[in-house]
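Okay, here's what each chain looks like letter by letter:
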Amino acid sequence: MPKYERLSPEELEVYEEFKRKENQKIGAVFLVVVFVFILTKWFLLTRGNIDSILLRYIGVGAYLLFFYFFLKNIYRWYSDVNYRYRANPIKRFFNRFYKNKLAVFGLFVAITIIILAVFAPMLAPYNVDNYQSSWTKFSMIPPTKRHVFGATNAGADLFSLCLYGARIALTFGIGVTAIGVSIGIVLGLIAGYYGGWIDRFLQYLNDVVMAFPFLVLVITVMGALLANPALRESVTQIGNFLNVPGKLFIAFVALSLFGWTGAYRLIRGKVFSVREEEYIDAAKSLGASNRVIMTKHILRNSLTPVIVQASISVGGYIITAASLTFLGLGANPSIPSWGRLLSQGNAYVTQLRYFHLTLFPGLFLTMTVLAFTTLGDGLRDALDPTMRRNDQ
Amino acid sequence: MVNKEYILKRLGLAVLVMFGVYTIGFTLTFVAPGNPAQAALGQKANKEAVEALEEQWGLNEPLPVQYKNYLINFINLDWGESFRYRGESVTGILASRYPKTMYYAVWSLVFAIVMSIPLGLIAAYKQNTWVDNLSVLVSQVGISIPNFWLGMLIIAILAVWLDLISVVPDVPTGSLWSFPGFFTHVTDYFGIIITLGTALMARNTRMTRSSTLDVLSEEYITMARAKGLKERTVVLKHALRNALIPVVTSIGFNLLLLFGGAVVVETVFGLNGIGKLYIDSIIRRDYPIIIALLLTYTIGVVFVNLIIDISYSVIDPRVQLR
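Taken in order, these protein sequences are the chains called A and B. Just so you know, the first sequence maps onto residues 1 to 392 in my numbering. Just so you know, the second sequence maps onto residues 393 to 714 in my numbering.
Bound conformation, chain A alone (with noise of 0.2 Å):
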């Protein structure tokens, strides 16, 4: 039982105004703590200040662990002064989680991968946005001391260029999911709620969609967007005013055209087997409106395996992306992505001593679906240990 429910009214008044105030400051020590790293990130960890490469990198952990204990405290801090009894599904749902190996070496790389391609540009130790031409000496060295991975073919540092890569696969598979599932999302709860002919007929898209690999699919976007002035022109336009570069933006809309189909169907045959039971006919009757009955009864009940379905996709629009980019299709070649170094390390395949440019950036591509993959199955075994696993 909850302490304070033994409280008199007048004692429970006092508690409540003290938590009031309590929680004001909680509130306002999180926002100058954040403002505090946002701040000092700019100042403390350029290029500029710090030389050596292992100081950086020491300098920016001990900085993240710094930062850590501070939201850790402040997060004890609120959970004492909201006590609140009860059984708490997240410490299961962790408990679960923890269990599961496999699941925790995925997340402590997903994590890792995160962290690396925000704080590339500080971590790299060659600023490869950035070409000096005094890199053509380095062209093609295999790995040594200054170059942890060697170099390309233009010389410019294969480690920096890996950690920039980063960035651009996360954008995509991140930024992809996001949009296909909001899609799916609403398109799910369209078809399944109103059924009729609007299910039908996105049934229908549904099934042809399915009837293309999807990596033709997205080709065959790609052609069609690349080789049309007016339509090029037009999306190259939107990605300009969003500030990312044109061809990279067509690639992004290519794949977010259809990334909506997996959540689609979940949402869709969830809606179908939750819309029968019999708390949305009480919610009915109390009468909740549709859009009530959507959002919160019926999304709320059908968004444990989206989340797992997501995560699993992340990793599939990182690979995606990346056979395009490999095929000269995808992100511009001045913008570093893993793609693009492996299509470069495909062309010296066959020679053993330019290995380096295959092995790493590889590497790099696959530790990242590997992780975003088992941290899909791990948060599907701990959020539903009923579900079933062998779908596709």
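In short, the hints are calculated from the structure, not lab data. Bear in mind that the values here come from a model prediction, so they are computed numbers and not experimental data. Ideal placement from N, C-alpha and C gives every residue a C-beta, glycine not left out. Take these hints with a grain of salt, some might be off.
Stated by the list, open to error - Distance windows between CB atoms, simulated:
(1) B:F574 to A:L352: 41 to 51 Å
(2) A:T295 to B:L405: 26 to 36 Å
(3) B:M615 to A:R96: 27 to 37 Å
(4) B:P510 to A:I74: 45 to 55 Å
(5) B:S567 to A:Y57: 54 to 64 Å
(6) A:I174 to B:F411: 31 to 41 Å
What the hints assert, rightly or not - If you want a taste of the chain A side facing chain B, the calculated C-beta under 8 Å gives, among others:
(7) F69
(8) F214
(9) A224
(10) L352
(11) T358
(12) G362
(13) L365
Please arrange chain B on chain A, whose structure you already have, making use of the hints.
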């Protein structure tokens, strides 16, 4: 019993889906003007010649007319001439490229199924042992590894470093589908077979494992054991048969994945199959080939799916087709 009504319904649905595939394919290719006639004749060609060629290919018609004409020609099996390889018919090009890709696609499927069924079965039977953990790890890595990178690793390690396989085989497609050739040429295409097969193997292992886990907890397995049957018979005869249903049902989907894989992997291995043909046609805007490839491939997959579903209702009378 095979339900005739069901087959007709499925065929009707298949035709509708094909129509949708055609519409999407047509829209995505023909909406882009990038003049193929000019490209075929070169930038210096005079205007009359370009216009004559456009008329010959029917490109000067309005789009809805082209849409109709292409569909009618396709149904009449008159697939026209390639824009890129002047004078060569689309049928001829497809006929020379399909057997090659189909050859390693079939072998990849065989590799995937032969590897995945024992692995998945043993993993489920010995759940939570090291075999199970290994199979989970193998399938996770197999799903996550990008096929083109795997292909590059195989070339670099198996072909160049260890010199175990050859990478640039020049095999006449005729001998691939003859009797001894079908088996002897596996070594020539070993690299691409493994590369394409790994992802399928990983997927199928997962599926076999989970469906076997489901089946093993069924009551008829307990019943079979209670009857005193040998454990071998229980697993191989009673459990395996039912556990394989999802794996066999997804063969059509596997073929779809193989096409998607071939598009990238054939570039890595330098093979001229349909995947490479598709990429080249997209880049050079070779409309007839794009449409013909898309339609022939999807028709194939749809029919494989239909045959599998029908044969199930014949083999297993409990499966009701509706």
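Comparing the hints with the structure gives:
{"no.": "1", "hint": "B:F574 to A:L352: 41 to 51 Å", "verdict": "33 Å, violated"}
{"no.": "2", "hint": "A:T295 to B:L405: 26 to 36 Å", "verdict": "33 Å, holds"}
{"no.": "3", "hint": "B:M615 to A:R96: 27 to 37 Å", "verdict": "32 Å, holds"}
{"no.": "4", "hint": "B:P510 to A:I74: 45 to 55 Å", "verdict": "53 Å, holds"}
{"no.": "5", "hint": "B:S567 to A:Y57: 54 to 64 Å", "verdict": "57 Å, holds"}
{"no.": "6", "hint": "A:I174 to B:F411: 31 to 41 Å", "verdict": "35 Å, holds"}
{"no.": "7", "hint": "F69", "verdict": "33 Å, violated"}
{"no.": "8", "hint": "F214", "verdict": "6 Å, holds"}
{"no.": "9", "hint": "A224", "verdict": "4 Å, holds"}
{"no.": "10", "hint": "L352", "verdict": "6 Å, holds"}
{"no.": "11", "hint": "T358", "verdict": "5 Å, holds"}
{"no.": "12", "hint": "G362", "verdict": "4 Å, holds"}
{"no.": "13", "hint": "L365", "verdict": "6 Å, holds"}
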